[in-house]
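Okay, here's what each chain looks like letter by letter:
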Amino acid sequence: MISAAAVRTIVLKEFQSELRTRYALNALLMFVVTTLSIVLFSVGSENVSTDVLSGILWIIIFFSSMSGLSRTFVSEEERGTTMTLQLLAPPLVVFFGKLVFNIVLLFILNVVAIGLYMLLIGGFAVKSYGIFCLTIGLGTIGLASASTLIAAIISKANTKGTLYPVLSFPIMLPLLLTVITATRRSVEGAVFSEAIGEFQVLFSYIVVMLAVSYIVFDYIWRD
Amino acid sequence: MISAAAVRTIVLKEFQSELRTRYALNALLMFVVTTLSIVLFSVGSENVSTDVLSGILWIIIFFSSMSGLSRTFVSEEERGTTMTLQLLAPPLVVFFGKLVFNIVLLFILNVVAIGLYMLLIGGFAVKSYGIFCLTIGLGTIGLASASTLIAAIISKANTKGTLYPVLSFPIMLPLLLTVITATRRSVEGAVFSEAIGEFQVLFSYIVVMLAVSYIVFDYIWRD
Amino acid sequence: MLKIVLGIWLTIVIVVAFAFPIVPQPQQWFEYPVIPGLEEKARILFFHVPMSWTTVVAFFVSMIYGIRYLKTKNLRDDMRSVSSAGLGLMFCVLATVTGSVWAKFNWGSFWNWDPRETSIFILLLIYGAYFALRSALEDEAKRATLAAVYAIIAGVTVPFFIFVMPRIMASLHPEPIVNTEGKVHMNATMLIVFLSSLAGFTALFAWMLQLRIRLARLEQHYYQKEN
Amino acid sequence: MRDVSLRGTKLTKTYNRRNVFAQIDFEMSGTQSWAIVGRNGSGKSTLVKIIAGLLSATSGDVVLTVDGKSIRRDDQYHYIGFVSPYLQLYEEFTAHENLALFSRLRGGSLDADRVDALLRRITLHQRKDDLVRTFSSGMKQRLKYAFALLHEPPVLILDEPTTNLDAEGIELVYDIIAEQRTRGIAIIASNDKEDTERCDALIDLNAARTPDSRRPA
Amino acid sequence: MRDVSLRGTKLTKTYNRRNVFAQIDFEMSGTQSWAIVGRNGSGKSTLVKIIAGLLSATSGDVVLTVDGKSIRRDDQYHYIGFVSPYLQLYEEFTAHENLALFSRLRGGSLDADRVDALLRRITLHQRKDDLVRTFSSGMKQRLKYAFALLHEPPVLILDEPTTNLDAEGIELVYDIIAEQRTRGIAIIASNDKEDTERCDALIDLNAARTPDSRRPA
Ligand code: HEM
Ligand SMILES: Nc1ncnc2c1ncn2[C@@H]1O[C@H](COP(=O)(O)OP(=O)(O)OP(=O)(O)O)[C@@H](O)[C@H]1O
Ligand SMILES: Nc1ncnc2c1ncn2[C@@H]1O[C@H](COP(=O)(O)OP(=O)(O)OP(=O)(O)O)[C@@H](O)[C@H]1O
Ligand SMILES: [Mg+2]
Ligand SMILES: [Mg+2]
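Protein chains in written order, with our numbering: chain A, 1 to 223; chain B, 1001 to 1223; chain C, 2001 to 2227; chain D, 3001 to 3217; chain E, 4001 to 4217.
Keep in mind that the hints were calculated from the coordinates and are not lab data. Keep in mind that the hints are not guaranteed to be accurate.
[To be verified] Using 27 Å as the maximum straight-line C-alpha spacing, the simulated DSSO-like pairs for lysine-lysine come out as follows:
1) Lys2104(C) <-> Lys1127(B)
2) Lys2073(C) <-> Lys3010(D)
3) Lys2142(C) <-> Lys3010(D)
4) Lys4193(E) <-> Lys3193(D)
5) Lys3193(D) <-> Lys1156(B)
6) Lys2071(C) <-> Lys2142(C)
7) Lys3010(D) <-> Lys3069(D)
8) Lys4069(E) <-> Lys4010(E)
9) Lys3193(D) <-> Lys3140(D)
10) Lys1156(B) <-> Lys3140(D)
11) Lys3128(D) <-> Lys2071(C)
12) Lys2071(C) <-> Lys3069(D)
13) Lys3140(D) <-> Lys4128(E)
14) Lys3128(D) <-> Lys3140(D)
15) Lys4128(E) <-> Lys2142(C)
16) Lys2073(C) <-> Lys2142(C)
Starting from the given sequences, assemble the full structure and let the hints guide the process.
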């Protein structure tokens, strides 16, 4: 049984800690800015297909999530506070606390990234905003739930930083491919019904991920 | 005065530690593979301009280095071994030890990454190898020295967190932009004289970085 | 005993696979029909598909033993899980290599992001990730647990690929023979050989797995003798 | 006062095939205080972690019973207070923020008075708004006691209770232990004779060790 | 035996405007052993870090003189041995690998015999090929002594020397201190009376504290 109050407390703690240390936020923004400008530079003048553009957008987001979200559990592990948390709250409270925090964090990140992206890259003009927003929303949640779970796993491993993309990419690929397609559709100005398939995939992906997390997190969290 | 023997010992220690934690081996290679395939997925079938291709190549390298090198000092700080090192060797020995290690690591990484990149992406065929190799060489050293210094600063930054992005981004960018241009030239088959400008930039970049490191490292390293 | 039977079985499959001619309108029982776009090259079907099939099987076997480990906490199950994954990785590489060699002759290039190539490549990545994770964990119990967990996570994402892939990229692959509409391009002979090859490879996998498990167990005993 | 009992049966812990200890049984109940002793590396911390549910035993199990019904592992945290050198609080927060966080997580809402009382008791009240990062080893150790006592746990587990503490701090610890014995079970794992001599019962891991396990000495 | 002296003049440490201690003077030399005492948070560790050159004082300075000539800060590490709870060795290496590394860094080459002798002395010889990560708190503490003694430093600084150690381990520490007094200076910062009572001289930070500095109590 999970107490909502406890979950909220965890989320708040994460935010407070984040504001104190600015660890994730900085890393996130740095990656976004850096990659964006590199992409900008390399794509430069020529006009690339919307395919590639929406692809690049999500790659940026994926990598930024790597530098930011991947640390949620790692930081606890490194500071040795995992044990403290285990003594304070049941596993699932911790998980959902972290999850919610990650979703919010990633959402902020996405808004920034996409804002800059649209601002800076001319070729990338969204036509059907309904699809676009829904894609961002579902994509964020999906990405966050997957990364939270993977982050929990790598926190126990030796090679944390490098391991994250290695583990998460195959898991997130179906998600990425789907959001990329959906994004492309929104740029090409498709009508909602065309993108319904993608949304079904995204939705079921989220459900499955959460279900699995619910079952396996206990094994990861406890030594 | 810096003892070469001591520097070598530090380098060896780093390698042993990397092998122990399987950083270099599995994870880092899988990392490159993953990153590459991500790019391949997004670029997919269609043929992109050499501009974009050389840009992408360095994005991959940048990410790999970020996930690998940026942690050289952070890991000491997190494990609380900074003090131990301070009691074992003078600051500059530590710095050059880490630097050499980073250069070697990054170089191996680059060779692998570039090898795979050329193998898998048809559009990316280097014409003037002289320029290409020199770019890789200088680029590696430059990237390594920059990340080593930044890594040192980050390691202390947990108290003053905001420093990281503000710092590393402007430092890295000029280097990246230059190597990307140089790489593009090599793919377009430019003659050496055309790329001389880039090389001058790269070279002076490295010199400046090392000079700065030499001066400031002591302050960073000591509390 | 088992291995002898298996040996004979596979030999027959191989011989038959290559010996029987491929003709436009098969009259005799020993003739294969022409599959448009494959012609003579169709013969690799008998090896290439079973391999990729075994890859998938191996992965799920590994996952199931993983789940069993989480239940029993018995390191033996983990050992089985790893062994299966190891074999899976091998078959995966074989399928990819045979596939790409084949692709070279059929499509003119070793690699083009065909859905099935992509899917097997992802399996390759998953296997790689699985072993990367294992090598990053020292404590046996922890390693076993997390590997199992990862196998499960990867397992549940596989179905998504099956659904997602076709939607986003056109296949160069010949009209699937084991396809959804269930229309079969093979005549009886071909199907029989194909299926017996499939069975043969699966049996081969089972046998090798059991070998590896025995080996691992012996190593363990040896280790225990050590200290 | 709640009636608690803690039963361990055939507890064995093995790391990569090397036994730390094997077949340990104990039955703690009522208001007893138990000492866990043994030389360095004998397994005190390991055993204590297993009892607290922070580590799973290789075989055997621990059952915590409160007021007649046995507690699921997921809920154990609710009945256990734990202090040890390898336990870390949030260094980027102040002493007060830490305790406030814990109090919220435990009770659902902040019990300001209790937090305040505890801060005074561990004599960190003037420093309550300084970051834990800036605390001295002893001050951190004191704060851990506040962490452990916040919810008045029926089971209090102390690993090396007096490390880093000055005379005054040690007195405080002994008070806490004495007080705990009026509330429930106190488990003390320590190398320091003084810490353990007052206890009612004792688990000696030097004795419990199985021959196949190597020892530092 | 080398002739060492360590002079501290007007040492003051202030953390964001709060004095930890002020105007501390001392003159250690020959073969003395010095005790640094004071309640939790009085500044023992801070002072000790400053003496070891791991932390810079806000004002005042420490001068280490060996065989008549004073040592630059960058070279101090060469003459100082340091043991403390907040010092960490490389956990991904084995005990032996750690010592080998240190020996190489210090001497330029591995002194196998010395490493071996030290491992025996701290009774970790059987465990020398296990990762430090898997060590118990006391085993880690023992290893730190090997780290500090490897280069037979003229100045040995111990912060809370006996934490985590069992009776046998504590004996070992007292031997080491006694031995150090035949070789040079021993500085012991501790909360435990027993550790410090044998010392020749004493710095009491409770006394040295300036009124404006807040104290935990
Ligand atoms: C790198 C190259 C290739 C790879 C990695 C590859 C991979 C695979 C995989 C994983 C399967 C099993 C999927 C399934 O059973 O549904 C498969 C089946 C098959 N492949 Fe390929 N393949 C490659 C090239 C080719 C080529 C060049 C052809 C023929 C032109 C081909 C024809 C087939 C056929 C006919 C099947 C069986 C159809 C079916 O099972 O639905 N493949 N391949
Ligand atoms: N980084 C820091 N920033 C601010 N204040 C600090 C910092 N480090 C230590 N202090 C303060 O300096 C004082 C002395 O700390 P120190 O660790 O030296 O105490 P100590 O004598 O070692 O205590 P203990 O016996 O508990 O180890 C404490 O009040 C502590 O809060
Ligand atoms: N993660 C681990 N992997 C392998 N061995 C371990 C691990 N943790 C502890 N050990 C071993 O288990 C034994 C007991 O460790 P533990 O920390 O419980 O000892 P302890 O009684 O607490 O000693 P101390 O008095 O020094 O704290 C030690 O020999 C240690 O090497
Ligand atoms: Mg212990
Ligand atoms: Mg101290």
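Do the hints match the structure? See the list:
{"no.": "1", "hint": "Lys2104(C) <-> Lys1127(B)", "result": "25 Å, holds"}
{"no.": "2", "hint": "Lys2073(C) <-> Lys3010(D)", "result": "17 Å, holds"}
{"no.": "3", "hint": "Lys2142(C) <-> Lys3010(D)", "result": "22 Å, holds"}
{"no.": "4", "hint": "Lys4193(E) <-> Lys3193(D)", "result": "15 Å, holds"}
{"no.": "5", "hint": "Lys3193(D) <-> Lys1156(B)", "result": "40 Å, violated"}
{"no.": "6", "hint": "Lys2071(C) <-> Lys2142(C)", "result": "14 Å, holds"}
{"no.": "7", "hint": "Lys3010(D) <-> Lys3069(D)", "result": "21 Å, holds"}
{"no.": "8", "hint": "Lys4069(E) <-> Lys4010(E)", "result": "21 Å, holds"}
{"no.": "9", "hint": "Lys3193(D) <-> Lys3140(D)", "result": "23 Å, holds"}
{"no.": "10", "hint": "Lys1156(B) <-> Lys3140(D)", "result": "21 Å, holds"}
{"no.": "11", "hint": "Lys3128(D) <-> Lys2071(C)", "result": "46 Å, violated"}
{"no.": "12", "hint": "Lys2071(C) <-> Lys3069(D)", "result": "25 Å, holds"}
{"no.": "13", "hint": "Lys3140(D) <-> Lys4128(E)", "result": "32 Å, violated"}
{"no.": "14", "hint": "Lys3128(D) <-> Lys3140(D)", "result": "12 Å, holds"}
{"no.": "15", "hint": "Lys4128(E) <-> Lys2142(C)", "result": "23 Å, holds"}
{"no.": "16", "hint": "Lys2073(C) <-> Lys2142(C)", "result": "10 Å, holds"}
When each numbered hint is compared with the structure, violations occur for hints 5, 11 and 13.
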